[in-house]
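Chemist: Listed below are the residues making up each chain.
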Amino acid sequence: GQNIDQPTEMTATEGAIVQINCTYQTSGFNGLFWYQQHAGEAPTFLSYNVLDGLEEKGRFSSFLSRSKGYSYLLLKELQMKDSASYLCAFKNSGGYQKVTFGTGTKLQVIP
Amino acid sequence: EAQVTQNPRYLITVTGKKLTVTCSQNMNHEYMSWYRQDPGLGLRQIYYSMNVEVTDKGDVPEGYKVSRKEKRNFPLILESPSPNQTSLYFCASSLMNTGELFFGEGSRLTVL
Chain A
1161 GQNIDQPTEM
1171 TATEGAIVQI
1181 NCTYQTSGFN
1191 GLFWYQQHAG
1201 EAPTFLSYNV
1211 LDGLEEKGRF
1221 SSFLSRSKGY
1231 SYLLLKELQM
1241 KDSASYLCAF
1251 KNSGGYQKVT
1261 FGTGTKLQVI
1271 P
Chain B
17 EAQVTQNPRY
27 LITVTGKKLT
37 VTCSQNMNHE
47 YMSWYRQDPG
57 LGLRQIYYSM
67 NVEVTDKGDV
77 PEGYKVSRKE
87 KRNFPLILES
97 PSPNQTSLYF
107 CASSLMNTGE
117 LFFGEGSRLT
127 VL
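Protein sequences, first through last, are from chains A and B. So the first sequence is numbered by the working numbering: it starts at 1161 and just counts up by one. So the second sequence is numbered by the working numbering: it starts at 17 and just counts up by one.
Hint data in this document are derived by calculation from the structure and do not stem from the laboratory. Be a bit skeptical, because a hint or two may be false.
[Unchecked claim] Derived SDA-like pairs (lysine to any residue); straight-line CA-CA distance at most 20 Å:
#, chain 1, residue 1, chain 2, residue 2
1, A, LYS1217, B, THR114
2, A, LYS1266, B, ARG60
3, A, LYS1217, A, SER1243
4, B, LYS33, B, ILE93
5, B, LYS73, A, SER1253
The model shown is predicted, which means the values in this text are computed figures rather than measured ones.
Bound-form chain B, shown alone (with noise of 0.2 Å):
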């Protein structure tokens, strides 16, 4: 089944200890991306990657950090969470000639 995968679904953690949302996707999509959503303000890019060992940032990425090291995989860091990163992460993938993106579950992150 194509699919995107996210994990962990939901974590409370602490401010300032370092922590690793995992993505993978096995649709063999070049494009990459996550998304933080929060009440009233939307989806909000946070980092994309258009191919292997090629990240950019998107609207608000501060405070992420993000690695491709292989094409299925994407993972979001948190190096020293702040309780303003408590948000709903998405993790979504498409192909570069269409755009059509395909949403992981959602991973719901608290900082407390």
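Here chain A stands alone, though its shape is the one from the complex (with noise of 0.2 Å):
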């Protein structure tokens, strides 16, 4: 089956840097998808990794390890407008373009 995992809920300080993680586990990989959601709003797209390693875009990098269906995101330098739900997604090999999403991981920025 499919299956995506990713912690419900986390905190952490202004200035920090917070790394969310998602396991996930599908027959056909094609590439993973990180979204932010902030509350009322439509998810945005962050980042997509088809190859295994890291990439760092600004503040925000994401790391995918296709042998063991893993992947982070990695936010440094938090500001509080970071606060929001970050939504772990992959897609599936084959031909047409399903995107699987986990259920999200809210993230709570404090002073």
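Could you use the hints to bring the two separately framed chains together as a complex?
Modeler: Here it is in structure tokens:
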């Protein structure tokens, strides 16, 4: 079957670094997404990893290990505006664009 | 401005009264999809479309219909809404070769 696991909630301090983990299981894998979703708003794209390794984009970095079915999102120099839910999602291989989402990790940044 | 537009944004209706949530994108995307988001369950796919006149069921299609007569539009139809369809609905689109989804602002539907 297909499954994604990520922590339900996390709390971190402004200015600190936080790592949000995601593990997944699927028979056909074609890449892993991270989306940010502020309360009551639409998800917005953060990153897409297809190959193993770390990809850095400003304060945000995303890591993928295909062999371990594992990814993480690293947020540096946390700001209050980073308080949001972070959704991990994988894209299936095959002929169509199915993207399966996890339930999201709600991050609260405190002063 | 590149965007996905959903209407209505908020709707309260009663059981059994047919309704349609419209979705339109101006990015010439082939792929469009509807999701519902419920607390503790995340985003679940209802229906998707890979091109005009090509639609297929997602994970939770029961009680919903869709159509794709034009590339830019992908309406979601609830023929006979029930209270368990109370949810936050998102339309999304993408190019077929990237998969990066662009989401509409969401439609919060309450069925009494």
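Chemist: All hints, please: hold or fail.
Modeler: Hint check results:
no.	hint	in the structure
1	A/LYS1217 x B/THR114	holds, 18 Å
2	A/LYS1266 x B/ARG60	holds, 18 Å
3	A/LYS1217 x A/SER1243	holds, 18 Å
4	B/LYS33 x B/ILE93	holds, 11 Å
5	B/LYS73 x A/SER1253	holds, 17 Å
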